[in-house]
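Dock chain one against chain two, each of which comes alone in its own frame, and use the hints as you go.
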Amino acid sequence: MFDKDRWQEIFIAIKQNKLRSVLTAFGVFWGIFMLVVMTGSGNGLVNGVTQGTANFASNSAFMWTQNTTKPYKGFRQGRWWNFNNRDMEIIRDQVPGVDVIAPRLQGWDVSQGENVHRGLRSGSFTVNGDYPAYNLIDPSEMIHGRFINEMDIHLRRKVCIIGERVYEVMFERGEDPVGQYMKVSGVYFQVVGVFRTLNPNIQLGSNKSESIYVPFTTMQQVYNYGDRVHYFGFTAKDGHSVAETAEQVMAVLKNNHSVAPDDNDAIGHFNVEEMVRTMTYLFLGINMLIWIVGIGTLIAGAVGISNIMVVVVKERTKEIGIQRAIGARPWTIVSQILTESVFLTTLAGFMGLSLGTLVLHGVDTALTHAQASMPADEQVFFTNPEIGVTMAVASLIILIITGLIAGLIPAQKAVRIKPIEALRHE
Amino acid sequence: MDNSIIRVETLHKSYVNGSNALHVLKGVDLDIRQGEMVSIMGSSGSGKSTLLNIIGILDNYDAGAYYLDGIKIEKMSETRAARFRNKYIGFVFQSFNLISFKNAMENVALPLYYQKVSRKKRNMIALEYLEKLGLREWAHHLPSELSGGQKQRVAIARSLISKPKVILADEPTGALDSVTSEEVMEILKEVNATGISIIIVTHENEIAAQTQRIIRLRDGIIESNEVNHNFSNEVSAGVLLEQR
Ligand SMILES: Nc1ncnc2c1ncn2[C@@H]1O[C@H](COP(=O)(O)OP(=O)(O)O)[C@@H](O)[C@H]1O
Ligand SMILES: [Mg+2]
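These protein sequence lines are chains A and B, in that order. Residues in the first sequence are numbered from 1 upward in steps of one, following UniProt numbering. Residues in the second sequence are numbered from 1 upward in steps of one, following UniProt numbering.
Just chain B, same shape as in the assembly (with noise of 0.2 Å):
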């Protein structure tokens, strides 16, 4: 398939804690095509998280192949690694993870900062993807005066930032209230719509069901993949024109 953005064949994965060995993913194959949006399930436990990280290129895998883009993804320099991460993910944690001694635009524009575009520069984008998501008022505020919506909504911002071609989201909305949940799956629905390839590791039913596809893993395989056929890709828009 040419238009593969992530490619995973036949991937394994361990964690050696001293002589024992948690085998996480025995043998994982995945393909995700440009612009899928795609939700990831399983219980707790089952290797949600590792899959994601080794996406991300936050961590390595033991067997298997991974290609990137078309780019076969292996050991390499932290240098290399974070290059591919700055050009090509964008991330959203569960806990958000804003730093928290900065400003939302500061936040945002911070993916920027490590391309050394100049700081005059990487603020006045920052404040366009801050006016996208509504949140224009609050670009001078610390995340402590935001709200878990609102954080997270920062936290896409900053993912976008850098112009990804896909989007990590680890229970992205694990830590918000349902309507909030509601608010960034449109978001991130939104995203999506622009070309954007998103991943979504999630374990509520009500998440999964907006997606194209939804990947099930348990016990380190892959239980099914299937396409969603409620899925209806018509963004709601209601929900964020009220936010503007």
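Chain A extracted, bound-state conformation (with noise of 0.2 Å):
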């Protein structure tokens, strides 16, 4: 494999024809570029919007009502109505599959206009009323301080947990936010911690970092929200489908508020599991078709390269008959036109992944550049475009092969080569 012989024709048969070398090992070097660049781009993608959405429960959906679409027990269509905390006792008894259960209010009304006050500093943030166990279901790390507790909810304490943005305003850089207090929307809370969300890629209803998260209990009483709840999210116990324990839900609410069973639209829910699901098979489908692309593209480069090996055989007829005349076995050529194929189809293959890899680190550092001049919020779905090692491993191995391959087909015409008929051609 090593000897110098064998190089030596394969250096000279690359030297002799320089074009003809380049133009055919273009095809290879361009496939595995492609497959490098599209492979890179793909887990771009899919670590940009799974690094905004991993840590969000993916055994999750959420629930809020719209207008019934139903006449129903003497209720006309299109009501109006409301899920309420006993809606939330009722599910947490009924419905098994349930495992963590967070009501919210969203403070639509409360959030109009400069509404949160500190000093001279003032804002306009959104305000949501929360459980602890919202911080399950869409987590986030807390900067300063702490999340929301039972204690909180228990006793109905005016503490507030903030989001980044709103630090940034109401704060001085590096103050100590823990124990100040803000007046939000004319009542005065004290800041108890300052979050930030692990799931940015997924927004509900308002940017999180410039959100307020006060105790569930409280705002319902502070604010006048009697016993409503806006909207809900829940997770599914291991072993339960999203899906199923979503029906169950659904048909509790229905029964509890003289809802039609049939009436869907009354209803609306997401449910984050079908979500992942999708995703995943949209990566899936996204992968494959890079696959295809790049493997096709491959193969049209073997091709090439098997035609080049077919006219270099052809050119060296004469040579090959003087070698088998003299003791070349049939193995020696055969070794020799697969060692060249090989050597033609990993060289191109292997420049193709130098500049692909290249290209995707260029991109990557002009994206890092990029994001650092973005307002820290910035719903980002592109990072870090990358190969890993497997796959340029993965890409040598397949290299090798196409080599093999387009070697073959050459390497047999060789060894058909009969020394005297190669000796006659004088």
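Be aware that one or more of the hints could be misleading.
Computed Cβ-Cβ distance ranges for the label pairs, DEER-style [claimed, not checked]:
1. 45(B) with 293(A): 57 to 63 Å
2. 331(A) with 225(B): 38 to 44 Å
3. 418(A) with 219(B): 22 to 28 Å
4. 44(B) with 396(A): 55 to 61 Å
5. 408(A) with 72(B): 33 to 39 Å
6. 128(B) with 300(A): 47 to 53 Å
7. 358(A) with 131(B): 48 to 54 Å
8. 331(A) with 29(B): 34 to 40 Å
9. 118(B) with 355(A): 34 to 40 Å
10. 190(B) with 408(A): 44 to 50 Å
Covered stretches of chain B, as calculated for chain A (at least 3 residues, CB under 8 Å) [claimed, not checked]:
11. 32-39
12. 54-60
13. 106-115
Since the hints were made in silico from the structure, they are not lab data. Everything numeric in this text was worked out from a predicted model, so none of it was measured. All residues carry an ideal CB built from backbone N, CA and C; glycine is no exception.
Structure follows, in structure tokens:
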């Protein structure tokens, strides 16, 4: 494999036909280049999307009320209705598949204008009423202090946790916000924490970094929401499908509120599990497409190499005849052709791999720079375009196999050359 | 005969071209002893090369028998044929058949490459043979930089390096002028003097006259097979010495 005579022939063959060799190798080069760049981009997309959603409970769903679309039990259609605290109790009691449930209040009416004040500072931020369980569905990390806890709920404490952007606007840089007071829509709240969402790519109604979370019970009382629940999220227990559990939850809710059991539009819902599944299939589809295109291009390249090797064999007919006459075995000739084909393919592919990796690296660097100058809460759907070591090794193996296959036909033609016939060409 | 190196019995060979069959060898008998130097003569198309190719295991025969060093040579795998050629036979061609991108030394060393001799060792041996043939200082030149006579001497060195029992030379002087032809014949005679059998195909009487036996082929049969009484085994070493 590594003796000089064999490599001498390969280099001579390449050198004698520089343009032809380059043009031939280009097909394989381009195939691998495309494969690398496209796979890297695909990975970038997957990374971007999953990084911004990966921590979101995938076994969860959200529900909200909508106008009824069917008359039922003496009620007209088009009636507006609301979830309430009792619904949450009943769901906990009656639907065994529900694990945690997190009712929420979305304070649209208390989030108007400059609703938050602290000394000379003021801002306009969304107010949400939350249970600790919400952090199990849409987790945040705490930069300062703590999340809302059960005691806050129980005692209806006037405490709040704030998003990063709220902190930036309402506090000095570096100031400890924990224990400080802010006036939120006319009521003083003590700040107990600053949170940063782990799922910036999933926004529910408002930008989380510009939100203030207060205890759910406190919010119902302070802003006069009574026993209303604007919407809620829940997770399904292990072994329970989100879709089935959601059906049961909706049946309970409809029964509770005299909504027609077959009124499918009266409750809006969003099943994260299904979304994740759809995304998984989408990514799978993208990946398959990438491989089909990449492998297709590679095959075209391999056919090119094969063709050129056939020409090379033809040109060397006499030489091969001489070699055979002075004692070269068929295998010597075959391995010579195969080595040449694998060498050309691998060299070209390696260049494609290198350039592709370089391009991805460039894109990555550019993205990192661009993101550094973007607002922190900007949604990012493309990060870390890269190919793993596995992918690199896999493509090298594919190249060697491609080279072998490409060399097969020319090698066969070379062995068929009979020494006498080759030598008679004089 | 015990010391026969090549024995051919009623050898037949036809070339089939579609529905036409050209009967080239029509029952050839031949016996060449170890260390003999014979020439095969005959007009163009009489089947000389065909016979030589069969002897060199480059081609098959249809009927008859062929023994090389007592071993019956029949249809065999290409790998086995290659091994036989490499071990027993050295070829010298009219058109030299050197490999154009290898220098003289690498060309000479090539048969040893197929025997898996290490590069260093085979190049050393190749240099020894080039030295013997007075081409030591041309070792690193490509064939295109050599004269016809030099090329044929490189080819002879290549045929000798695997220490064959027989050298088959198909019109080795056909592409050379008479002075150079004479040099090549002197070398072949010297090689023969070391005990290697040589078969030369030629249609030049001056060449044939320098061999021990002249076999005339005509229309695929042996017309005459005579010991050459004019043959003198004394090598006129002058030519070679001048070269060195
Ligand atoms: N491979 C072949 N196929 C068909 N005919 C051939 C082939 N090789 C040689 N011949 C024919 O066989 C005859 C003998 O050829 P050859 O042995 O080369 O003669 P010589 O060497 O004596 O000139 C010629 O007529 C030639 O055309
Ligand atoms: Mg001939």
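Against the structure, the hints:
The hinted window of 57 to 63 Å between residue 45(B) and residue 293(A) holds, with their beta carbons roughly 59 Å apart. Look at residue 331(A) against residue 225(B): about 40 Å separates their beta carbons, and that is inside 38 to 44 Å. Separated by about 25 Å at the C-beta atoms, residue 418(A) and residue 219(B) satisfy the suggested range of 22 to 28 Å. Roughly 56 Å separates the CB atoms of residue 44(B) and residue 396(A), a value that falls within the hinted 55 to 61 Å.
Separation of residue 408(A) from residue 72(B) is about 35 Å and conforms to the stated range, judged on CB atoms against 33 to 39 Å. For residue 128(B) paired with residue 300(A), a C-beta distance near 51 Å keeps the hint of 47 to 53 Å intact. Distance hint check: the CB atoms of residue 358(A) and residue 131(B) are about 53 Å apart, consistent with the given range 48 to 54 Å. At about 36 Å, the CB distance of residue 331(A) to residue 29(B) agrees with the hint of 34 to 40 Å.
The hinted range of 34 to 40 Å is satisfied by residue 118(B) and residue 355(A), whose Cβ atoms lie roughly 39 Å apart. Against the hinted window of 44 to 50 Å, the Cβ-Cβ separation of residue 190(B) and residue 408(A) comes to about 47 Å, which satisfies the hint. Given as covered by chain A, the stretch 32-39 of chain B fails the check, having 0 residues with a CB less than 8 Å from a CB of that chain where 3 are the minimum. Counting residues of the stretch 54-60 of chain B whose C-beta lies closer than 8 Å to any C-beta of chain A gives 3; at least three are required, and the coverage claim holds.
Given a C-beta distance limit of less than 8 Å, the hint that chain A covers the stretch 106-115 of chain B holds, as 6 residues qualify and 3 suffice.
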